[in-house]
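S.K.: In case you want the letters, here they are:
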Amino acid sequence: MRPYLLKGHERPLTQVKYNREGDLLVSCAKNLQPCLWSAEDGRRIGTYEGHNGAIWTCDITWDSDRLITGSADQTVRIWDLPTGKELFQIRHREPCRAVKLSAGERFLAATSDAFIESPPAIHIYKFAENIEDQTATAAIEWTVPKGRVTRVFWTDCNRKLITSHDGGILRRWDVETGALLQEQQVHEDAIQDMQMSPDETHVITASLDKTARLIDVDTFEVMKTYKTGRFVQSAAISPLFDHVVMGGGQDASQVTTTAAQAGGFEARFFHKIFQEEFGRVRGHFGPINTVAFHPSGKSFTTGGEDGYVRLHHMDMDYFTTKFF
Amino acid sequence: MASRGKLRWGDTLDDEDLLPPSVTKGPDDNGIKTVIEYYKNEKGDALKKTTKIKVVTVEKKVYKVSEERRNWPRFGGAAKETPQDSVTVQGIDEIPFERVRQIKATTQEKKATDIQQVLATADKTVISGSIKEMLYKKRMERELLRAKGLLKEAEKPPEEDGKPGSGPGLGAPKAGSYVPPSLRNRGPGDGESMQKKREDNSIRVTNLSEDVTEGDLQELFRPFGAVSRIFLAVDKNTGENRGFAFVNYVHRDDADRAIRNLNGFGYDNLILRVEWAQPREAK
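Chain order of the listed sequences is A and B.
First residue of the first sequence: 1, per UniProt numbering; consecutive thereafter.
First residue of the second sequence: 1, per UniProt numbering; consecutive thereafter.
One or more of the hints may lead you astray.
Unchecked claim - The calculated lysine-lysine pairs, modelled on BS3-like cross-linking and capped at a C-alpha distance of 25 Å, are: (1) 64/B x 17/A; (2) 33/B x 52/B; (3) 17/A x 33/B; (4) 160/A x 100/A; (5) 17/A x 80/B.
Source of the hints: derived by calculation from the structure; they are not laboratory data.
This one's a predicted model, so the numbers in the text were calculated from it and none came from an experiment.
Construct the entire structure; sequences and hints are all you get.
M.R.: If you want it as structure tokens, here you go:
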């Protein structure tokens with residue numbers, strides 16, 4: 001395959017995300033402008049200008065008309081996705097690390113890091129259909145134990161939230177009261193990324209303990225462990241096959257001290273059930289920070305510490321080969 | 001030529017400029033579309049050109065909204081983008097989807113070759129350690145057999161002076177019994193001394209250029225098998241090589257192959273002569 005190289009960010013990528021149909025791709029990086037791309041040919045459609053710090057995360061509405069970004073400049077911003085206009089700004093006192101819209105998009109969950117005196121927290125906002133009705137005050141917010149909240153998801157018909165944490169912990173929260181319902185140590189080190197399976201029954205977590213794990217959403221039971229032998233920064237589940245892809249590599253501070261081959265910057269494909277690696281796609285010259293599968297499973301995108309987004313359309317043999 | 005619509009048949013005969021109209025046929029069952037065109041070249045000759053085009057229909061399902069989004073105007077930094085400074089490029093290199101499991105399947109073979117490599121190159125102490133262990137085990141087994149009376153008295157080692165056939169049964173070792181590596185690959189009655197044996201696998205390379213170094217020879221001869229020794233004759237006074245070298249192989253087959261491949265081989269503008277080294281005259 002001949003991937004598209006998207007050089008819209010000069011800084012390390014933090015997250016790439018497809019919209020529901022898979023024709024658009026949003027990339028966030030540590031530079032100030034998230035980018036909107038055509039997922040077909042990698043053409044840049046637009047940039048969202050206004051943030052004043054690294055963009056940690058984003059979320060796209062079901063019908064792709066709004067984009068929500070969370071940034072280190074202590075704001076959550078709502079954008080008009082097709083035109084790049086900033087519609088609303090929710091100002092925190094702490095950097096925002098993760099955002100997620102509820103099913104039905106009536107609520108928005110945002111997590112904030114610990115900052116000066118404030119402990120890390122989870123904020124739930126009403127997400128208004130009309131932007132005029134949007135408010136910046138949280139419907140409910142609660143603080144969480146020490147450590148960064150890296151990803152957040154709504155589960156159980158919007159009644160509960162699951163969050164991944166710095167210490168390798170998954171937590172489940174009651175949305176209405178903010179009560180902690182369950183806490184489970186699933187990794188030995190920080191969970192860098194968590195992505196939901198298409199049927200929302202399990203999540204894949206990527207951790208600095210050099211493994212990715214497949215975890216049941218209802219019980220937090222670790223079902224599968226994918227050992228890679230290097231830091232895993234991100235992992236995604238294929239919607240098409242029983243495949244998972246993960247990206248990572250050695251620590252960014254170590255990159256310049258070793259040969260490029262030693263870094264292990266390939267995107268690695270594992271079989272979801274057999275937990276066995278069967279393929280690799282190389283290309284990045286820095287650790288991969290984020291991976292995403294196209295909703296059709298026919299292409300995937302990686303974003304690296306090197307500032308590149310690589311958009312891969314799978315060759316025919318990926319679909320025809322019997323890997324196992 | 002006032003109006004073409006009123007052409008009469010008589011006129012058409014005279015009018016050489018008039019060409020039959022082009023015809024488009026198909027696409028037929030095989031998806032081949034045929035276009036027949038008539039034209040004139042500069043000399044005024046009428047020519048017929050038939051073009052066959054294979055028509056392939058690729059069906060692609062696209063969301064209706066995606067099709068609409070395709071026409072979105074670009075905004076922000078992308079609006080100022082021109083094709084010259086586009087931030088999107090398609091990679092030039094073909095990036096393969098590397099199969100990882102294939103490599104795993106061949107690790108068994110790899111191990112086998114690894115051992116040979118280790119034998120040829122690696123730390124001698126490691127090898128001798130394992131060989132010692134193996135020899136000890138073999139000896140113990142033999143001792144056991146002898147104690148049981150299943151084995152004849154131990155064969156005498158070959159005489160140091162290398163007289164052939166001095167030990168009983170040396171020429172034809174029993175099937176299954178241990179044969180030291182130095183005695184392997186030997187025809188019956190071939191009981192020469194170790195020294196002689198070493199010379200057997202030695203080949204002589206002549207007509208080397210003065211610039212050739214031992215490293216170059218390594219590179220040249222290693223591909224054929226494990227090389228145990230390379231000797232490049234160097235002039236004591238000038239330090240330049242004297243144009244010949246000896247290369248010893250661990251296995252005779254490898255040496256044979258090297259001779260067959262490298263004799264007459266053009267190297268550094270000279271044609272190499274590679275042959276079996278002449279056994280040294282008995283002193």
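S.K.: Determine for every hint whether it applies to the structure shown.
M.R.: Verification of the supplied hints:
no., hint, in the structure
1, 64/B x 17/A, "21 Å, holds"
2, 33/B x 52/B, "6 Å, holds"
3, 17/A x 33/B, "43 Å, violated"
4, 160/A x 100/A, "13 Å, holds"
5, 17/A x 80/B, "24 Å, holds"
When each numbered hint is compared with the structure, a violation occurs for hint 3 only.
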